[in-house]
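Mind docking chains V, R, U, G and F on chain L? Use the hints.
Number of protein chains: 6
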Amino acid sequence: MRKYLWQKSMIMGSQINEFNEYRSKMNEVILSKDNLVIKRLWNLDANTYAEGALSTQTKEMLGLVASMVLRCDDCIKYHLGKCHEQGVTTEQVYEIFAVANIVGGTIVIPHTRRAAEYWEAILAAGQS
Amino acid sequence: MRKYLWQKSMIMGSQINEFNEYRSKMNEVILSKDNLVIKRLWNLDANTYAEGALSTQTKEMLGLVASMVLRCDDCIKYHLGKCHEQGVTTEQVYEIFAVANIVGGTIVIPHTRRAAEYWEAILAAGQS
Amino acid sequence: MRKYLWQKSMIMGSQINEFNEYRSKMNEVILSKDNLVIKRLWNLDANTYAEGALSTQTKEMLGLVASMVLRCDDCIKYHLGKCHEQGVTTEQVYEIFAVANIVGGTIVIPHTRRAAEYWEAILAAGQS
Amino acid sequence: MRKYLWQKSMIMGSQINEFNEYRSKMNEVILSKDNLVIKRLWNLDANTYAEGALSTQTKEMLGLVASMVLRCDDCIKYHLGKCHEQGVTTEQVYEIFAVANIVGGTIVIPHTRRAAEYWEAILAAGQS
Amino acid sequence: MRKYLWQKSMIMGSQINEFNEYRSKMNEVILSKDNLVIKRLWNLDANTYAEGALSTQTKEMLGLVASMVLRCDDCIKYHLGKCHEQGVTTEQVYEIFAVANIVGGTIVIPHTRRAAEYWEAILAAGQS
Amino acid sequence: MRKYLWQKSMIMGSQINEFNEYRSKMNEVILSKDNLVIKRLWNLDANTYAEGALSTQTKEMLGLVASMVLRCDDCIKYHLGKCHEQGVTTEQVYEIFAVANIVGGTIVIPHTRRAAEYWEAILAAGQS
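Residue numbers (my numbering), protein chains in the order written: chain L, -2 to 125; chain V, -2 to 125; chain R, -2 to 125; chain U, -2 to 125; chain G, -2 to 125; chain F, -2 to 125.
One chain only, chain L, in its complex shape:
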């Protein structure tokens, strides 16, 4: 059983690694082209989620729900990772999923499935 869980977390961890590696690799390619507008937008993106009148935790939850209703799987994965870092619980994540499904409709369900899978991967990686 223990071995099985370890293997499962390896596979799930690989989903996270794959996502992060592709992201880093392509960010490097894009930034190497020195387009100022893109560079500044990306800096600004980082600032958006800084502590302010709202906490980073709240802002990451806002980023997650926005990504879900706009149905962007990679954006969802990114904000799920950040939400986990900010201590958002599974029950809270599912309440965010619920808001996204109600506001955005059943069209959001397939993205919720992939989000749920990635959240399990994050939890498994955190436990390993």
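In case anyone wonders, no lab produced these hints; they're calculated from the structure.
Any given hint could be a false lead.
Because identical chains cannot be distinguished in the list, a pair is counted as satisfied if it fits within a single copy or across any two copies.
Simulated pairs of lysine to any residue, SDA-like, Cα-Cα distance not exceeding 25 Å [said to hold, decoys possible]: (1) K79 x E117; (2) K22 x N40; (3) K30 x Q83; (4) K30 x E88; (5) K22 x H81; (6) K22 x S52; (7) K36 x R111; (8) K36 x Q12; (9) K36 x G10; (10) K79 x R37; (11) K30 x G78; (12) K36 x G123; (13) K36 x R110; (14) K22 x E48; (15) K79 x R111; (16) K79 x E48.
For chains V, R, U, G and F alone, coordinates are given in the frame of chain L:
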């Protein structure tokens, strides 16, 4: 000056009243047709924002940012009203606007203008 | 009472007339510019809803639900008019609204309100 | 030749199986979290397509066209399966594709390709 | 006739003025709140259309077509104004409309009507 | 080193080939069904990008930015290929990416990553 502010708050209050009245009137028409799916979806919508693992305040902020990136002016107005009821401050509202503008792009700006106008109307009505 | 109903149907009829007149006027402006791609697309649009393996009635219902989930009020009005011509009943229209609200989420509700208002206008005009 | 067709239907059948298995597995994960809003929305989703003033067949066609213009591949696959169960013919399916392409534009074409592939898989699985 | 044209250009000019005035007024309200992310995004927005490897003219055409397929009437008006300043001709504007209608589908038509009306207003204002 | 570059261009070339082959194969399936509306729309699509008041190069750039803000990866790949054929440079492509990211928001970033990867593949294939 005093009179001017009072008139301004009357006009702004009328924007809120107009929105609420049209909403109520048409909800009545729709519900009178007894479509069960619509009725249940609307009940469910109310439940979605109830206190839970996340507070109603946080959920209304999630509803607001989702409405903004999906660019639905009426949904934005509705959640701005609810956010105000939940004690969300102007500074916090603008941080939600910022997340929506970064995630959803400059295409969200015209909706941010109308949101800002409605928020001023809510504040003015609250002070009157 | 009779007079009231007549007046109501006049006002509602005017919503329909206004929509149709603006539509005709601007179509004329656009077509006067002789852009071939736009002209052909518009011809093709008319063909799309012709009787075929599916009836025009079914296709107009498809056009309506597509317009609703894409949240285009003018497209919704157009297809509501066509659905009425094709004998679609109020109960059926509301089942289409239900599918659109479930698939597209609560973000579709404000458009459903305006759709419901326009449908009442069509019914009132039909009775006058 | 016969063997080839059998193999082809095996491969295509596997696309259907893969889709259904992932769907079931993740639905189980999601429902295990006991989020009431999500559970009720999913129940409601099932009710939406029940026989009523419109037949289940018509409603599944509505669900298909809505999924296509919203460009959700998994939703398209789901409704293609349901349309097949309801006896919708290939010619009818392509008229739904046509409405979706006209209303939603050429941006729908890549989704139409994947839809066409999945429809062939359904037909092949039905013949095996 | 002369008087009629003059009046027409007055009315059309007023559509342009109304748009610009509301825009300025609300921009002022928003910027007065000192949200740094929004301020920087707006600065960045201005930089995006500066001369570079592509001319400002080309970039404004890109901004116009993007606004059309995303169906944002105010964004369309803004970029139509900029395109006019950059010397884009009516024939060219309609070729941009054509690309937007083909890529985005007939759902773009109602926005094309409003765009065509605003373009006439710009032309009329330019001639007055 | 030389061998490595050759292998890299083989792999990248295969991404292009895979895309084109799937596209051709499924277009064949779709066109074999003889749906007139789809056939005519596809013909019209080809006409849209023909030389006119705007050059084919400019129109392909319009098609690219429209595909990016609508977040359709396959459409992006198609127009990247066409832009390369029309002599659009890397610097120009990144200015189109910048417009798309500003107008459409950070939700466009994951699509920009895949677009950047495909553009590298096109460049590598062109050099081999």
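Status of each hint after checking the structure:
Only within a single protomer do K79 and E117 lie at most 25 Å apart by alpha-carbon distance; the minimum there is 14 Å, versus 30 Å between protomers. With identical chains, the CA atoms of K22 and N40 are at most 25 Å apart within one copy only, with a shortest distance of 17 Å there and 29 Å across copies. Proximity of K30 and Q83 under a CA criterion of 25 Å is satisfied inter-copy only: 20 Å between copies versus 33 Å inside one chain copy. Proximity of K30 to E88 under the C-alpha cut-off of 25 Å is restricted to the inter-copy arrangement: shortest distance 7 Å between copies versus 42 Å within a copy.
In the homo-oligomer, the alpha carbons of K22 and H81 lie at most 25 Å apart both inside one protomer (23 Å) and across protomers (23 Å), since each shortest distance falls under that limit. Taking the shortest alpha-carbon separations for K22 and S52, neither the intra-copy value of 30 Å nor the inter-copy value of 30 Å comes in at or below 25 Å. Proximity of K36 and R111 under a CA criterion of 25 Å is satisfied inter-copy only: 17 Å between copies versus 29 Å inside one chain copy. Taking CA atoms no more than 25 Å apart as the test, K36 paired with Q12 passes in neither setting, with 27 Å inside one copy and 27 Å between copies.
Taking the shortest Cα distances, K36 and G10 never come within 25 Å of each other, neither inside one copy (29 Å) nor across copies (29 Å). In this homomeric assembly, K79 and R37 come within 25 Å of each other (Cα to Cα) both inside a single copy, at 21 Å, and across copies, at 23 Å. For the homomeric pair K30 and G78, the shortest alpha-carbon distance between copies (19 Å) is at most 25 Å, but the shortest distance inside one copy (28 Å) is not. In this assembly of identical chains, K36 and G123 lie within 25 Å of each other by CA distance neither inside one copy nor across copies; the values are 31 Å within and 27 Å between.
For a Cα distance limit of 25 Å, the shortest separation of K36 from R110 across copies, 14 Å, qualifies, whereas the shortest one inside one copy, 32 Å, does not. For the homomeric pair K22 and E48, neither the shortest alpha-carbon distance inside one copy (28 Å) nor that between copies (29 Å) is at most 25 Å. Taking the shortest alpha-carbon separations for K79 and R111, both the intra-copy value of 16 Å and the inter-copy value of 22 Å come in at or below 25 Å. Taking identical chains as interchangeable, the C-alpha atoms of K79 and E48 lie at most 25 Å apart whether they share a chain (13 Å) or sit on different chains (23 Å).
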